[in-house]
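Asker: Residue numbers (this note's numbering), protein chains in the order written: chain A, 1 to 271; chain B, 272 to 532.
Hints are computed from structural coordinates only; laboratory data are not their basis. Any given hint could be a false lead.
Unchecked claim - Some chain B residues close to chain A (C-beta under 8 angstroms, calculated; not the full set):
#1 Gln323
#2 Glu324
#3 Asp343
#4 Arg344
#5 Gly347
#6 Ser354
#7 Phe356
#8 Leu371
#9 Gly414
#10 Ser425
#11 Tyr504
This structure is a prediction, so every number in the text was calculated from the model and none was measured. Ideal placement from N, C-alpha and C gives every residue a C-beta, glycine not left out.
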Amino acid sequence: MRLINRHPGRVTTTLLGLLPFLLIMLVYSLASQERLADNPNDKLLPGLEQMTAAVDRMAFQEDRRSGDYLMWQDTTASLKRLGLGMAIAASLALVVGILNGVLPLVRSNLAPLVSALSMVPPLAILPILFIVFGLGELSKVMLIVIGTAPIMMRDVAQRVRELPGEQLIKIQTLGANSWQVITRMALPQVLPRLIDAVRLSLGPAWLFLIAAEAIASTEGLGYRIFLVRRYLAMDVILPYVIWITVLAIIIDQCLRLANRRLFPWYNAGGH
Amino acid sequence: MSFITVSNLWKEYGGQVVLENLNLEVQQGEFCTLVGASGCGKSTFLKMLLGQETQSRGELLLEGKPFPGEPDRNRGIVFQRYSVFPHLTVRQNVLMGLELEQKPRLGKLFGSARRAALEKVDAMLVSVGLEGSADKWPHELSGGMQQRLAIAQSLIMRPRVVLLDEPFGALDPGIRKDMHDLLLKLWRETGTTIFMVTHDLKEGFYLGTRLLVFDKVRHDPHDPQAFGATITYDLPIARADSKLFEDIKDSVAQTARHQAA
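Please work from the sequences and hints to get the whole structure.
Answerer: Spelled out as structure tokens, the structure:
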């Protein structure tokens, strides 16, 4: 049988999927053991023991200086920025995207600007944001917004324009005015697609968040990673990276499930 | 005065003539079927009736007044596909028009107004045979049921003109027959004026009261786009006989071959 026609069973699929993770863990722990055997104080490849100790210190014991549980404090600070940034970006994307998609006059007016904005490398204007909005929360949230909104705007506008032309004619023959075309036809059909767009934009959003936190912040996951880098504290950095990854996966899956629940017609092939 | 008057109507796209010198008078309540080869302007003519296209020259009048330049609630349409809303259930799809009409801002009905509207909707669903699927999503329906839904969605608005653009083109032959019966029944009940474009000459020949054949009279083998199509036959269906059916079939097939060449 050809290779392209050989499909693994359920159990095999799971095992094959787990294999790379197990391999990475195995290679890491072997390398770590070797280095620790040479030098018990090695910082570069900390063992499981050191990492759990670090997590315990960061997450479950009060910081001696500030009295806070640093890892939770970092997590809430980062998630707040990420959530606020994505919420603003998604709302902007929805409004601009729908207007761009539905109204030819707005499209002629705004689409070139949106296209141009989406080409600006967001990190290049981070200094401008710091200058304009200061070093506080606003500039970090703005970086996420500026980094993700234009692409989502284009995506939403594109989705609106992909709706069959027959639908647009049909709703007009049912007497709809422009406002109703937006609220009853475009908006409800574009919402699940917006959630998909947000899921795709979350990757860049994390990137911008951590970059902004690394440069100017006093708390946050990205801030912490870059802070402890000075002491080569891999025992903190590695669990933080894993934690960020886990958070990203949880958010992504929540959005996926919300999409399924809220828009049953969308995921059953009704579009 | 006729309900719809078409006089010296031309439609051109750049140098390409699609329709030339169309003249037609249609009375209220007629059921016209439009047949002809692809590219003979049937759909273009339908789009002009709908307000999606405007003529290049000539007049297109509804009760003596020019046709509105954009689609409106007086002219219903059923396309071959994609004319129902995938994000609404069957019932909500039919309810849509009533909601849009009664609530210009909100576009939604609540309470007793909604209940009254839903009664109309349910009656309409019964008459197209969809009462058992009221709460299904369109993607759960077969092609024929989706077209029933599209028809119900249009007819609930009681449009003065109903336009059908190859509505049964994608359906199985057996289901087509049922759809013909349904369409004739609804037409008799509502007394609306119907224009139906079809590829299927036979369908055009036996459905409706009047057959309009769109065909090219003049043909330039070196420049197929130079001449447009016009109405070559305009017949009341009752008088049509099988010899004529064959003649028209040959003529249309010949044009189709010319187009393809």
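Asker: Now tell me, hint by hint, if it's right for this structure.
Answerer: Going down the list of hints, with the structure as the test:
1. Here the hint on B/Gln323 is kept, as its CB sits about 6 angstroms from the closest CB of chain A, short of 8 angstroms.
2. For B/Glu324, the shortest C-beta to C-beta distance to chain A is roughly 11 angstroms, which exceeds 8 angstroms, and the interface hint is violated.
3. For B/Asp343, the interface hint holds, the least distance from its beta-carbon to any beta-carbon of chain A being 7 angstroms, beneath 8 angstroms.
4. Using the Cβ-Cβ criterion of 8 angstroms, the hint placing B/Arg344 at the interface with chain A is satisfied: the shortest such distance is roughly 3 angstroms.
5. For B/Gly347, the suggested interface contact is upheld, since its CB lies about 5 angstroms from the closest CB of chain A, less than 8 angstroms.
6. A distance limit of 8 angstroms between C-beta atoms decides the matter here; for B/Ser354 the minimum to chain A is near 5 angstroms, and the interface restraint holds.
7. Satisfaction of the interface hint for B/Phe356 is found here, the shortest Cβ-Cβ separation to chain A being roughly 7 angstroms, below the 8 angstroms cut-off.
8. Below 8 angstroms, beta-carbon pairs count as interface contacts, and B/Leu371 has one with chain A at about 5 angstroms; its hint therefore holds.
9. Residue-level restraint check for B/Gly414 is violated (minimum Cβ-Cβ distance to chain A is 14 angstroms; threshold 8 angstroms).
10. Nearest Cβ of chain A to the Cβ of B/Ser425: about 7 angstroms, under the 8 angstroms cut. The hint holds.
11. At its closest, the beta carbon of B/Tyr504 sits 29 angstroms from a beta carbon of chain A; the interface hint therefore is violated under the 8 angstroms criterion.
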